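Protein sequence lines correspond, in order, to chains W and V.
Just so it is clear: in the first sequence, position 77 is 77 by my numbering, and no numbers are missing.
Just so it is clear: in the second sequence, position 117 is 1117 by my numbering, and no numbers are missing.
These aren't lab readings, by the way, just hints derived from the structure by calculation.
Treat the numbers as computed from the prediction; the structure is a model and nothing was measured.
Each residue gets a CB set at the ideal place from its N, CA and C atoms; glycine is no exception.
Wrong hints could be hidden among the right ones.
[Claimed, not checked] Computed footprint of chain V on chain W, listed as stretches where at least three residues anywhere in the stretch have a Cβ under 8 Å from a Cβ of chain V:
{"hint": "1", "stretch": "103–112"}
{"hint": "2", "stretch": "118–127"}
[Stated by the list, open to error] Cut-off 25 Å, straight-line C-alpha distance, at most; resulting in silico cross-link-like pairs (DSS-like, lysine-lysine):
{"hint": "3", "chain 1": "V", "residue 1": "K1047", "chain 2": "W", "residue 2": "K121"}
{"hint": "4", "chain 1": "V", "residue 1": "K1348", "chain 2": "V", "residue 2": "K1182"}
{"hint": "5", "chain 1": "V", "residue 1": "K1206", "chain 2": "V", "residue 2": "K1182"}
{"hint": "6", "chain 1": "W", "residue 1": "K121", "chain 2": "W", "residue 2": "K17"}
{"hint": "7", "chain 1": "V", "residue 1": "K1317", "chain 2": "V", "residue 2": "K1348"}
{"hint": "8", "chain 1": "W", "residue 1": "K45", "chain 2": "V", "residue 2": "K1047"}
What follows is the residue order along each chain.
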Amino acid sequence: MTWLGPEEWQAVALSLKVSIWASLVTLPFGIFTAYALARWQFPGKQVVNGLVHLPLILPPVVTGYLLLLTFGPQAGLGGFLQQFGISFAFRWTGAALAAAIMGFPLMVRAIRLSIEAVDPKLEQAAATLGANPFWAFATVTLPLILPGILAGVILAFAKAMGEFGATITFVSNIPGQTQTLPSAIYAFLQVPGGESAALRLVGISVAVAMGALILSEVLARRAARRLGGL
Amino acid sequence: MLEVSLRQPLDGFTLDLSFEAPAGVTVLFGGSGAGKTTVINAVAGLKRPESGRVALNGRVLFDLGKGLWVPPHRRRLGYIFQEARLFPHLTVRQNLLFGRWFAPRGAVREDLDRIVAMLGIGALMQRHPVALSGGEKQRVAIGRALLSSPDLILADEPLAALDEARKEEILPYFERLRDELKVPMLYVSHSAAEVARLATSVVVLKDGQVQRQGNAAEVLGDDRVMPTGVRAAGALLEARLLRHHPDGLSELDAGGVSLFLPQVQQVPGSLLRVRILAQDVILSRHRPEGLSALNILPAEVEQIRSGSGPGAMVSLKTDAGRVLARITRRSAQALELSSGTQCYAVVKSVAIARSDVGGAVPVDD
């Protein structure tokens, strides 16, 4: 990539890495949370629902600060995790964590909607045919919600690519470590003569977003065909 | 044998019943809201009742007094739902084999090819459910339940969502299930005609209680337990098809009495269940002459039962079996009918037990 400077390229690569990790690692949790919210009745369900959606409505700076308070090096949980070699402070993993938290509500919403569209009577039918709850989910519900899962992953990925406020508050703006695309654009705009670099990154941002959208569309359509939806 | 005893408060009444279902097809018969679906879902394990016990061939499925509840996936029951509930993302073949993945090793396996041939779904194997008609879907659902090696088949109004033609298409498969397979079946229905055609034994439910239990002929002959009212009451006779006449009539033999029906689509020699609705029978003290009716049976009055209305139900002993006649009380008095009176039952219409009461075929009217 000769038309991108090393710093710009670094930001693009880091953003992709952060976003892919953020959207894929949260996926099992996202499916589980969406299933629990869609199908189970349990005490405190509204509290869980509120917590999941909180990052969507809180100012991102607040989310970032709360992350810093929870996972920062001085914080209890952050210090505890550090003993096991898991560190988020000022590292790309922190950027991924911030992006994951911010994208989580979008992912859960998309998956939850698709689970609610699957008739629970199909799971009952699977149960009468001998499938325990896990297998009923794995063989009936999961294949049927594949388009919703794809949509959720793509949304979370896109959100992660664009996440700025929580990331910069939590893990700052360190080139090569935590400087994602939006942070880099912001940094370039702060220095004289940085507009052209910023513009190139904006172009890449738009291209990645469009690419993700088209990919999700293609995959969803293929999934729908496979499900026999004519 | 299936032993059921249940208690569950429902809207406006409490379901509280117990019954035993012998081998063969036991029809849970009753109007809507009688509690039929509650019973079958408790047996299946889809809904936990307040209290009760269900055991199948000695194997306890639940006994809430002892806190015992086997989850549905370990009960080994094949459930045929009202809507077929096929898995839309799987082909017909994959749907059929779904239960086999989970059947315990060593379970008696129904042969896929045999079931597919029996249900006539060989040409559909590679299709997805979305490309099937309502009747085809229900046939696949039947096959899917059978192939899971169940100890008991449950069917919850499996024909209710189908139109008349589709009912006619599916019913024979249930008859074959009853006659060719050893698996007992609990079949929920509100249709007297399905009872007539399928039932080995009938459990009549009303407001959550067992109102009556008996074989199909006994229950269908009792207008007091008909959920659809007196119009559905009638006699159920066994008859053998003798021959087809060139004028389009088929002759049946019921206990030495000849019955004439329009073209019956069966081969001579077949044993059939024939329904005669009580409201299609009129009585005469003398052998009627100059009457267009073809089927006239010599009879002896067994019993006359009347309620508060103008009608009376006369049960008659004939060589063909017990026949019921619904006449007015005024006529019963005018004819001086009483127990033991000799008379003639003029049958306006005889029907092969069909999928619906309304489908009775008039012979001559």
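Would you pick out the hints that fail for this structure and give their numbers low to high?
The structure conflicts with hints 1, 4, 5, 6, although it agrees with all the remaining ones.
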